[in-house]
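Q: Each chain, written out:
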Amino acid sequence: MKEKAKILDADAVNRSLQRIAHEILEKNKGTKDLCLVGIRNRGAYLAQRVADCIKKIDNAVVAVGILDITLYRDDLTLIASQPVVHKTEIDFDITDKTVVLVDDVLYSGRTIRAALDALIDLGRPRSIQLAVLIDRGHRELPIRADYAGKNIPTSQQETVEVRLIETDGKDEVVIVGKE
Amino acid sequence: MHWIRKDLLGLEDLSREELELILATADSFKEVSTREIKKVPALRGKTVVNLFYEPSTRTRVSFEIAAKRLSADVINIATETSSVQKGETLIDTGTNIQALKADIIVMRHGYSGAAEMLARHLDISVVNAGDGWHEHPTQALLDIFTLKEKLGRIEGLKVSIVGDIAHSRVARSNIWGLTKLGAQVTVCAPAMLIPVAIEKLGVQVTHDIDKALADADAVNVLRMQFERDSDGAFPKQLEYFRNFGITRERLNKAKKEIIVMHPGPLNRGIEIASDVADGVNSVILEQVTNGIAVRMAVLFLVSQGHDKKYEDAH
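In the order they appear, the protein sequences are chains A and B. According to the numbering used here, the first sequence is numbered sequentially starting from 1. According to the numbering used here, the second sequence is numbered sequentially starting from 1.
This is chain A alone, in the form it adopts within the complex:
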């Protein structure tokens, strides 16, 4: 894998998350009935960071949950080495809430499709919105992001890697090419 370009550095990642936090507050007119649910793995950390931004802006605490979508994937029988199942940790009721799903990269849309199924098995939210750090196009399903940190036109020959302090030691987003 060859690193082709750095799209966002640490400051840019932070600015994007702050803007997303502002947009979430603007669109929902505050934090009433609002909660954030991050998709494992990196979406979970991003959700917590967006919640931290919201706390700074609005001085309000928003509930944050973690969703593991492994069991809802549509390619479970296809992938060569099966993924490890982790826990879903949503310790609040999502019924009648506005749930903002948070993930790092929006690509085919299949992860989000799985996440929607998983969420709806847990309750009946009033609405579900989607926030992603990177939207790289190439959708295979009719799904779009309500909040996007950055839209990047990519080739399907490339991969977008989001690296975060919590998982990778530093914040950055890079495009890598498949050899």
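Treat the hints with care, since some could be wrong.
Keeping only pairs whose Cα atoms sit at most 25 Å apart, straight-line, the calculated BS3-like set for lysine-lysine is [unchecked claim]:
| # | chain 1 | residue 1 | chain 2 | residue 2 |
| --- | --- | --- | --- | --- |
| 1 | A | K87 | B | K46 |
| 2 | B | K158 | B | K211 |
| 3 | B | K38 | A | K87 |
Sample of chain A residues facing chain B (criterion: CB under 10 Å; computed from the structure) [said to hold, decoys possible]:
| # | residue |
| --- | --- |
| 4 | D33 |
| 5 | Y72 |
| 6 | R73 |
| 7 | V84 |
| 8 | E89 |
| 9 | L116 |
| 10 | A118 |
Looking from chain B toward chain A, a few residues come up when the C-beta cut is under 8 Å (computed) [to be verified]:
| # | residue |
| --- | --- |
| 11 | T25 |
| 12 | S28 |
| 13 | F29 |
| 14 | E31 |
| 15 | R35 |
| 16 | I37 |
| 17 | V40 |
| 18 | P41 |
| 19 | A42 |
| 20 | Y111 |
Please keep in mind that the hints were generated in silico from the structure rather than gathered at the bench. Note that CB positions come from ideal geometry on N, CA and C, so glycine has one too.
Starting from the structure of chain A, add chain B where the hints point.
A: Relative to chain A, chain B alone:
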């Protein structure tokens, strides 16, 4: 760590890493049973056949619930009412179930090694739900899962297994699993019910119940399987209770927090006193609950254990 086996036949063959993967996966599945909608679509479109050659209620129901919470379709075959009565062999029954395009067979059989023989003849997955006196891997896994949940670790724990070790597949699977994960295991029973050379499995042997309980972190009380007493080796029920029964008086001399487990069904007043079975040290019903998460994990993992086939095909 990835799971590559199509079958789960016993704990003897598993590595420590494989055991830990099952336990971690079960931990993730436990949450599903706490939801209002207790179901995930992971095994949607898969068929699980419960094939039981020996009577069982709790294990069969536990596997059935586990499969259904994964969205699999479940068929139960009770051999008393099947073609087995007409003399069909185990292999023929298995290949027929495979021809019906089932994906997983969960089998209990009275003969040690039956599950392994079936697995060798079939391409579909086989999960051993107890074979003779050999292994009962999911029971041991749920015992170990419960212990780990209660005490946070297995490494270094002192676990005593009390009862008919000779005829017990639960004991054997527990011994394999616990010793691989670093626990110290002691078995305790009348001499007639301890198999020769059991020490070679890395366990200590005692015939003194007070010694077995003295510094144990947990005691796993086995059911006295009087139906297996073919050669008159069993003590009388009252005699057994007097010498080996787990009573409050005996527990009072053990660690205050000692965990009491039992695979069920209980013989109250024979291997365990009622007030102990229902007391604060008992985790018997938690074992039952955890059995579902463990069996969900096992069914999920073996259903994914086909990567070699996939790689061959691509």
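Q: V40 of chain B was flagged as interface toward chain A. Is the shortest Cβ-Cβ separation under 8 Å?
A: This interface hint holds because 4 Å falls under the 8 Å limit.
Q: Compare the distance between the alpha carbons of K158 of chain B and K211 of chain B with 25 Å, and conclude whether the hinted pair is satisfied.
A: Distance of about 12 Å is within 25 Å: holds.
Q: Is the interface hint satisfied for L116 of chain A? The criterion is a beta-carbon contact with chain B at less than 10 Å.
A: violated (12 Å)
Q: E31 of chain B was flagged as interface toward chain A. Is the shortest Cβ-Cβ separation under 8 Å?
A: Nearest chain A Cβ about 6 Å off; hint holds.
Q: Holds or violated: the hint that F29 of chain B contacts chain A, with Cβ atoms closer than 8 Å.
A: Holds: closest Cβ of chain A sits about 7 Å from F29 of chain B, inside 8 Å.
Q: Going by Cβ atoms only, is I37 of chain B closer than 8 Å to chain A?
A: With a minimum Cβ separation of about 5 Å from chain A (threshold 8 Å), the hint on I37 of chain B holds.
Q: Just to be careful: measuring from the Cβ of Y72 of chain A to every Cβ in chain B, is the smallest value less than 10 Å?
A: holds (6 Å)
Q: Tell me if Y111 of chain B is really an interface residue toward chain A, meaning its C-beta lies closer than 8 Å to one of theirs.
A: violated (32 Å)
Q: Would the hint on R35 of chain B be counted as holding, given a Cβ-Cβ threshold of 8 Å to chain A?
A: Where the cut-off is 8 Å and the nearest Cβ of chain A is about 6 Å from R35 of chain B, the hint holds.
Q: Hold the hint about R73 of chain A up to the distance rule: shortest CB distance to chain B must be less than 10 Å.
A: holds (8 Å)
Q: Have a go at the A42 of chain B hint: is there a Cβ in chain A nearer than 8 Å to its own Cβ?
A: A42 of chain B check passes; min Cβ-Cβ to chain A is 4 Å, inside 8 Å.
Q: Holds or violated: is the Cβ of D33 of chain A closer than 10 Å to a Cβ in chain B?
A: violated (19 Å)
Hints 4, 9, 20 from the earlier list are contradicted by this structure; the remaining hints agree with it.
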